[in-house]
Every structure is written in structure tokens, then in C-alpha cells.
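For what it's worth, the numbering used here labels the leading residue of the sequence shown as 32, then goes sequentially.
What the hints contain is simulated information worked out from the structure, not anything from laboratory work. One or more hints might be untrue.
As the list claims (entries may be wrong) - In the SDA-like style, the derived pairs of lysine to any residue whose C-alpha atoms are separated by at most 25 Å in a straight line are:
(1) LYS143 - LEU128
(2) LYS49 - LEU79
(3) LYS96 - GLU82
(4) LYS132 - GLU147
(5) LYS81 - MET51
(6) LYS78 - GLN60
(7) LYS101 - THR136
(8) LYS115 - LYS92
(9) LYS78 - GLN64
(10) LYS143 - SER94
(11) LYS78 - LYS115
(12) LYS35 - VAL69
(13) LYS104 - LYS114
(14) LYS92 - HIS103
Computed from a prediction, not measured in an experiment: that's the story for all the values here.
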Amino acid sequence: MPNKAREDVQRDKQLIRKLMDVDNLKDDQIIQQLQISVPTFYRYKKKLQKEDARLHEKQNKDSVKFREAKFHKTLEDGYLISKKIAEDSRTSSRDRLEAIKVMATCQAQMAKLSREGLTFQPALPDKNVQGRLAILSETAGDWTKNVKPRES
Numbered sequence: 032m033p034n035k036a037r038e039d040v041q042r043d044k045q046l047i048r049k050l051m052d053v054d055n056l057k058d059d060q061i062i063q064q065l066q067i068s069v070p071t072f073y074r075y076k077k078k079l080q081k082e083d084a085r086l087h088e089k090q091n092k093d094s095v096k097f098r099e100a101k102f103h104k105t106l107e108d109g110y111l112i113s114k115k116i117a118e119d120s121r122t123s124s125r126d127r128l129e130a131i132k133v134m135a136t137c138q139a140q141m142a143k144l145s146r147e148g149l150t151f152q153p154a155l156p157d158k159n160v161q162g163r164l165a166i167l168s169e170t171a172g173d174w175t176k177n178v179k180p181r182e183s
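Please work from the sequences and hints to get the whole structure.
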């Protein structure tokens with residue numbers, strides 16, 4: 032059997048996508064409706080899945096780049112605002128020092144963003160809080176042992 036033209040294959044793949052996504056037909060129903068062989072259907076379906084994966088990956092990359100650029104802009108804005116505060120002679124010395132600390136933090140974060148990209152590190156409570164939580168959970172267990180049900 033001769034190979035189909037590229038346009039015909041593309042049309043069949045689009046039709047399969049429509050039947051799967053919009054009409055919600057099962058594989059065997061699509062094969063029967065289009066009157067194509069089972070291997071051909073699954074070859075087309077595999078190509079569709081690869082196209083979907085590439086599109087999804089591209090959208091994720093674009094989204095990450097957008098968020099990274101937005102975060103960088105926010106850091107730049109924070110730096111510039113802090114710089115204005117630090118250079119304003121009418122501002123108190125304490126506020127100017129705080130502004131300088133913020134400027135340094137923004138610069139460090141921008142350098143880290145350029146070097147490592149966006150990273151996420153969950154904020155974990157310090158060890159003292161963790162210890163208190165463990166003690167509370169232990170004492171809560173002890174406390175529930177001593178609770179007596181109310182008498183009606």
C-alpha cells in the first residue's frame with residue numbers, strides 16, 4: 032500500500048484528535064469510523080501525544096521565563112525604591128540603613144536569580160518551633176488520655 036501524502040496524514044491526525052477530545056470516542060470506535068488499521072491509528076495517536084508533550088513543554092518554559100522576568104522586575108523595583116529612600120536626606124538614619132539592607136538583599140537575590148534561575152525552598156520553622164510542636168503533640172496525646180466523657 033502506498034504511503035499517504037503528508038496533508039492526508041495531518042488531516043487524519045486532526046480528525047482523530049477531534050474524535051478523541053471533542054466527541055469523546057473510544058479508540059476502537061475511531062478506528063471503525065475512519066476505517067484505518069489499528070497500527071496506523073496507534074502510530075497517529077503516538078504522534079499526537081508527542082505533539083501535545085512538546086506544546087506543553089514549550090508553554091511551561093514560556094511561563095517560567097515570564098515568571099522569572101516578573102520576579103526580576105519586582106526585585107529591581109524594590110532596589111530602586113530602597114535606593115531613593117537611602118539617598119533621601121530627610122529620611123531617618125534608621126530607615127536609611129534598613130533601605131540599604133533591602134538594596135543589598137535585592138542585589139543578592141537578582142544575582143542568585145541570574146545564576147540559578149527560579150528555585151523554591153519551603154520556609155521551614157526553626158528548630159525551637161519544631162521542638163515546641165513536638166512537645167505540644169506529645170502532651171496533647173497525654174491530655175486526651177485524662178479526659179473523661181461528660182455525663183448527660
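Results of checking the hints against the structure:
Pair hint LYS143 plus LEU128 holds up; C-alpha atoms about 23 Å apart against a cutoff of 25 Å. Straight-line distance between C-alpha atoms of LYS49 and LEU79 comes to about 11 Å, which keeps the hinted pair within the 25 Å bound. Simply put, LYS96 and GLU82 have alpha-carbon atoms about 21 Å apart, close enough for the 25 Å limit, and the pair holds. At most 25 Å may separate the alpha-carbon atoms for a hinted pair to count; LYS132 and GLU147 meet this at roughly 22 Å.
Of the pairs offered as hints, the one joining LYS81 and MET51 holds, with about 15 Å between alpha carbons and a cut-off of 25 Å not exceeded. At roughly 19 Å between alpha-carbon atoms, LYS78 and GLN60 fall within 25 Å of each other, so this suggested pair holds. The suggested pairing of LYS101 with THR136 holds, with an alpha-carbon distance near 17 Å, which does not exceed 25 Å. Taking the CA atoms of LYS115 and LYS92, the gap is near 35 Å; set against the 25 Å cutoff, the hint is violated.
Between LYS78 and GLN64 the CA atoms are separated by roughly 20 Å; this keeps the pair inside 25 Å, and the hint holds. The hinted pair formed by LYS143 and SER94 meets the criterion: a straight-line CA distance of about 19 Å does not exceed 25 Å. For the proposed pair LYS78 and LYS115, the alpha carbon gap of about 56 Å is over 25 Å, so the pair is violated. A C-alpha spacing of about 16 Å is found between LYS35 and VAL69, which places the hinted pair at or below 25 Å, so the restraint holds.
A threshold of 25 Å between alpha carbons decides the hint, and for LYS104 with LYS114 the separation of about 15 Å falls inside it, so the pair holds. With a C-alpha separation of about 16 Å, the suggested pairing of LYS92 with HIS103 holds against the 25 Å cut-off.
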